[in-house]
Amino acid sequence: MSEFQVLLFTFLGGIGIFLFSVKYMGDGLQKTAGDGLRGLLDKYTTNPFMGLLSGIVVTILLQSSTATTVLTIGLVNAGFMTLRQAIGVIMGANIGTTTTAFIIGLPIKEYALPIMAIGAFLLFFFKKKRITAIGQVIFGFGGLFYGLNLMGQSLRPLAGWEPFVDFTARMSDNPLLGVVVGVILAVALQSSTAAIGLVQQLYEQGAMDLAAALPVLIGDNIGTTLTAVLVAIGATVSARRAALTHVVFNLIGAILIMSVFPFYVMFIDFLGNQFSLSNTLQIAAAHGVYNVANVIVQFPLIGVLAYIVTKLVPGQELDLDYKPKHLDPIFIGSSPAIALGQAKQEVIHMADYSKKALKQAIKYMETGEKKDADLALQYELAINNLDKEITDYLIKVSSRSLSASDSNLHSTLFNAVRDIERIGDHMENIVELKDYQKANKVSLSDIALKDLNEMFELTYSTLEEAMESLERDDLDKANDVLKHEELIDKMERKLRKQHIKRMNDGECSGAAGIIFVDIVSNLERIGDHSVNIAEAVIDEQ
1 MSEFQVLLFT
11 FLGGIGIFLF
21 SVKYMGDGLQ
31 KTAGDGLRGL
41 LDKYTTNPFM
51 GLLSGIVVTI
61 LLQSSTATTV
71 LTIGLVNAGF
81 MTLRQAIGVI
91 MGANIGTTTT
101 AFIIGLPIKE
111 YALPIMAIGA
121 FLLFFFKKKR
131 ITAIGQVIFG
141 FGGLFYGLNL
151 MGQSLRPLAG
161 WEPFVDFTAR
171 MSDNPLLGVV
181 VGVILAVALQ
191 SSTAAIGLVQ
201 QLYEQGAMDL
211 AAALPVLIGD
221 NIGTTLTAVL
231 VAIGATVSAR
241 RAALTHVVFN
251 LIGAILIMSV
261 FPFYVMFIDF
271 LGNQFSLSNT
281 LQIAAAHGVY
291 NVANVIVQFP
301 LIGVLAYIVT
311 KLVPGQELDL
321 DYKPKHLDPI
331 FIGSSPAIAL
341 GQAKQEVIHM
351 ADYSKKALKQ
361 AIKYMETGEK
371 KDADLALQYE
381 LAINNLDKEI
391 TDYLIKVSSR
401 SLSASDSNLH
411 STLFNAVRDI
421 ERIGDHMENI
431 VELKDYQKAN
441 KVSLSDIALK
451 DLNEMFELTY
461 STLEEAMESL
471 ERDDLDKAND
481 VLKHEELIDK
491 MERKLRKQHI
501 KRMNDGECSG
511 AAGIIFVDIV
521 SNLERIGDHS
531 VNIAEAVIDE
541 Q
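For what it's worth, full-length UniProt numbering labels the leading residue of the sequence shown as 1, then goes sequentially.
Errors might be hidden in some of the hints.
[Stated by the list, open to error] Per label pair, the in silico range of CB-to-CB distance:
# : residue 1 : residue 2 : range
1 : Arg496    : Glu471    : 27 to 35 Å
2 : Gly13     : Asn415    : 23 to 31 Å
3 : Asp352    : Ile108    : 51 to 59 Å
4 : Ser399    : Lys497    : 48 to 56 Å
5 : Ala404    : Asp518    : 23 to 31 Å
[What the hints assert, rightly or not] Pairs of lysine-lysine, DSBU-like flavour, derived with a Cα cap of 30 Å:
# : residue 1 : residue 2
6 : Lys396    : Lys355
7 : Lys438    : Lys396
8 : Lys388    : Lys356
Hints were generated in silico from the structure; no laboratory data involved.
Computed from a predicted model, the values in this text were never measured in an experiment.
Backbone N, C-alpha and C define an ideal beta-carbon position, used for all residues, glycine too.
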């Protein structure tokens, strides 16, 4: 094997071990912290500043600004976070990701293998999940430095290779070329952390001077935004805006720092000399200074950023409040009766989402368009969150002294919440069945589609009347729902028989038959839960 092959394989192996270790360590940190990272972003992003702090913490735990940004886009896509909140989190992620560069700069490469051994010992000789998660973090930490060490060994000859020396000299003379190289590196490696680690090793080995390394660093920050953009394709308007914010934020930062680039180089050189920083820590400091300065400059302009991306990505945002509107804890202690009234309003809010979710699922069955499925699933997420919030609220109310009538209302609301949540689950099943139909190219006959539409209409009208009976305590509406139950059951039996006949006659395939019957079954179950709500209204009187 030639010397070039040895160096190439060492470099590729080092990059591979480094990328795996960063991901493995991040996964271990997430497990150690618990599964509350999404909840942390959800709960502690009430304003952009809190979002900034949450973004820093979550990124340190995940060891990836991209992962934090993708998680944030998912929350925005689901309606759990506003654009302004998301911008704060994305800014925080840019600061949080600088910690990895500082970790890389620690002078402990010689101890990488013993650190990995300790991690492996915890992984293989302990059964407790928390200890194995800590072992995963330690193993990933050691692997990170082992991968860096391999990369450093393979890159050392580049310092004397004339074509590479000439190329880096051109980057020093033309910083924009370095920015482009940084973008390409981050996109190719799908990790700004790996790209920055590579820059640190090149600078440490003397293969690149500071004026060439810093533009690559800036380009890395731009290149890392690509993953978030890809994730947001086909997502909601708000999610696409959040992804674009990540791009715009880093582009503006790059433009600002490049406009004062000579001073930036001088300042980083001054820091290195003043604090006797190693080459790798000097690059880490440069990364930290750049991102912190970028946030300081742009944080007061969050409103402007939101305005820019709103203009660049036109469209109407979904007006979906997944958080409770009416649950005020103060009434639990002072007036349980008023608290129940508040809870009832929130149950009606939740019920309205269940109707919209079913209507959207029906639309998805007709169109097969992903945006209709996404919207239906957003309603389902909102329903699930309201289910948890209302249930917790009602449990607290139940600890108070309730009159007989209030106790009946409490029981009605408690059961209604459960039934509405189950309606959301059945709606989600219908969406998944349509997904299966599309993925497997299963065709339903025109007659089958006509039958399904008929069943949809009856189920939806039953659900609507059940919700009206709950909202108005309307016994007539509740009794109408009970009459519909028999109609729904009869229709389900009839449609099953008709479809079995079509299958026997060769008009429909077996796969189509399974999908059809499962959809009808889910609609029938939605009807049953509607009846449960109506019966609770009747029993309450």
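TODO: Please flag the earlier hints that this structure goes against, numbers listed from lowest up.
DONE: 2, 5, 7
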